[in-house]
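**Student:** Top to bottom, those sequences are chains A and B.
Using my numbering, the first residue of the first sequence is number 1, and each one after it goes up by one.
Using my numbering, the first residue of the second sequence is number 209, and each one after it goes up by one.
Don't take each hint at face value.
[Stated by the list, open to error] With a cut-off of at most 25 Å between alpha-carbon atoms, the simulated DSS-like pairs for lysine-lysine come out as follows:
no., chain 1, residue 1, chain 2, residue 2
1, A, Lys55, B, Lys328
2, B, Lys246, B, Lys453
3, B, Lys247, A, Lys19
4, B, Lys453, B, Lys342
5, A, Lys35, B, Lys328
6, A, Lys110, B, Lys428
7, A, Lys32, A, Lys19
8, B, Lys246, A, Lys19
9, B, Lys328, B, Lys347
10, A, Lys27, B, Lys246
11, B, Lys328, A, Lys109
12, A, Lys23, B, Lys247
13, A, Lys92, A, Lys55
14, A, Lys92, A, Lys69
15, B, Lys347, B, Lys403
16, B, Lys342, A, Lys110
17, A, Lys201, A, Lys19
18, A, Lys62, B, Lys246
19, A, Lys42, A, Lys19
20, B, Lys368, A, Lys110
Note that these hints are calculated values from the structure, not bench results.
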Amino acid sequence: MAQISIIDYGMGNIHSVAKALAKVSPKNYNIKITKSISDLQKSDRIIFPGQGAAKQCMENLKNNFDIDKFKLIISQKPFLGICIGLQVLMTKSEEDNTMCLNVFDGSVKKISNTKKGDIKLPHMGWSPVQIKEQHPIFKDINNNSFFYFVHSFYVDPRNDKEKTSYTDYGLHFTSTINRDNYVAVQFHPEKSSTNGLILLKNFIDWSV
Amino acid sequence: MSYTKRIIPCLDIDNGRVVKGINFIDIKDAGDPVEVAKKYDDMGADEITFLDITATHQNRKTILDTVESVANEVFIPLTVGGGVSSYQDVITLLNVGADKVAINSAAVVNPNIINNVTDKVGSQCIVAAIDAKKQANQKWEVFIHGGRKSTGIDAVDWAKELNDRGAGELLVTSMDKDGTKDGFDTELLESISKKVNIPVIASGGAGELEHLYLALKNGKADAVLAASIFHYEIFTILEVKNYLKKQGVQVRI
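The shape of chain B in the complex, shown without the other chains (with noise of 0.2 Å):
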């Protein structure tokens, strides 16, 4: 592991306003979008990634405004995900201040997003996200639409043909994992990033320091994801990475 791990805290937004809830029950108002990335920044965050979960279509471009406002204001790499389902929503995100957008869903309906978003933007502004579910042993599963529908897609495979159709990253949650603070999947973090030659964010799992540092060792993840111990201060992103230093792992401290 000899170059730079980052930490990204995500975001969940609804309606432009940061929502914290578990497992989508419970949602609480937890502040001011620009506020709470300022304060992640502050916090040495390496980037924040921004989930759009608004219901309504016509509430939709208020992530637009929440986008706009952050990029007045913060300057790190800022991710935009949840519901792009075009060219043109990725256009629309990046001409209003996000630097990557993640595609989920719409890449598993239609593969030619990939290919023809990276060939116009470039590579570097697309993150391919993929929801996996355990199958078997060293089997897991592509689910979309939140992971509501099953796809039948090998999520190793389908990691790999995104790398080939140009994606710059992939951020891979392990839907088992996810909201259990069990730590992550790193089987599959693991069989992913052998098989890809493009950074893998690990997301789902993230409880104690110690799986965060799993991660990116057994994992071999390039970056980790986590939003519940953010917010709720379980740990702080400096903790997190005093301890990963402490085990040996580069970060920007």
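Chain A with its partners taken away, still in its complex shape (with noise of 0.2 Å):
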């Protein structure tokens, strides 16, 4: 039976990634909230949902996780980030003054009001999704449909090539990143309706 495992550190609310995908996947598929490297090890595709702080959250990892063998097995199978999913895959991140897991070379900013000073903070809301380069994450999704967002922190990729999708808040920020068997993506599938079970159906069915 295929394995999918939602990490679990502790934050945010991962049961409903659970339940969007239990939505999509088929019916055999078992859908795994875990903190044990044997369970990621024997999985077939790995999802890091969340929600919080990046210290937080690489501060449970370390506590659950080995992280060179952590590192290790994110590296092997299809993983899909969300929100401080993406970001703690980055070198390190401003927020706290955070050193994170560096699989994306690059740093997590605060988002600043750039120019008309209008913007709220968190950006907490629907906004359209620029695909850069089309990834099978984005089958049968139009070029700037509207997903949920909910953070106050953006990604910075050093290397244009992993910069997959943009999305304008404030400032012209990276949505997304791909490389190699890693996708993440810094807004909510799980909370983006339709859009959403797209994406997250269409990991499910990506073969790297």
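Take the two lone chains and join them into the complex the hints point to.
**Tutor:** So this is what it looks like as structure tokens:
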């Protein structure tokens, strides 16, 4: 039986990701919320969801996992990061000056008022996702479709090739990154209605 | 108005059913929460808010089943409010699938609840609700317990304090306008919006399409919450959004 693991690091509403996956996955699919490294090892796919602060997330990860083993396992299968699960893939975060997993080269920065000064934080609501480079998770999703965001920080990858989509909120930021088996999004597909469900389904169907 | 504004239908839930009624009189059963929420999602609602109006304490856990059933089927943000009085209430609601919890009277009684809860679950999960009544020119007072109890607190100062204590959003209801279909109290909304840097959700008074536009434009609100115009199908969510788009407001269609 195929298994997909949702990494439980003690923060955020991970159940909503499980509920959305249950909605779109085949009946025989085993959706497991887990903090066990052997579960991750056995899984066919891994989702790293999240909400909350980068520092707390990294601390909880270190408490639950041997980080070297963790990084090795997530490098071996289709991996989807969501929100904080995207941010901690970067080298470091400005949020409490946190060193992150360094899977992607680049940093996490705070959204600031660059132009008109009329934006509020967190960025909470629906924004268009401008697809820069087609990726299997965006199959059947129109360019500039709306997804639901909740965040105050954004990722700034050093390598342009890793930038998959952009979104505008106060500034033009990278809202999806990908490389090899990794894809990670700043928005919440589990709360993005039909488009979000299509994206999750695409992730389940994605063969790297 | 350079970013997307949200349209949020509000459902009153009594004993696990959606009810509708005017000023809590002549309350009628209006269906199964899952079906109604699905319908609103299909029509383009950006979020859904549930207000638990279940009167008896022993029936209050029915809201948990309701939220859980809806969260299994509807994949847009869900806010739950009504009678939330403790940290444990918040956690219980989040665990069954609420994305955000609205706190009203409990924050006035014990303002530290906002700090304590947001420290643990994050600001994004907490909507602070304010029921305000106009007192004089540019002055509004906070009322609690469903509008039955005055507090002597200035609503604009209170909004700022809730912002500073860590609330993620403010749900501002004008008691003068609520149920009138006469338009939002845009002065109240604007006074609060100017003082805070978190999103403000306008509530109370929606009757015409223009009212929603004015709440966003003049009231500088970030989202509009409405119940009866959607329940009674005076306007569909799509009609509201098409109208707003024509006025130059960015909405998700």
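**Student:** Checking against the hints above, which ones are violated?
**Tutor:** 4, 9, 16 and 18
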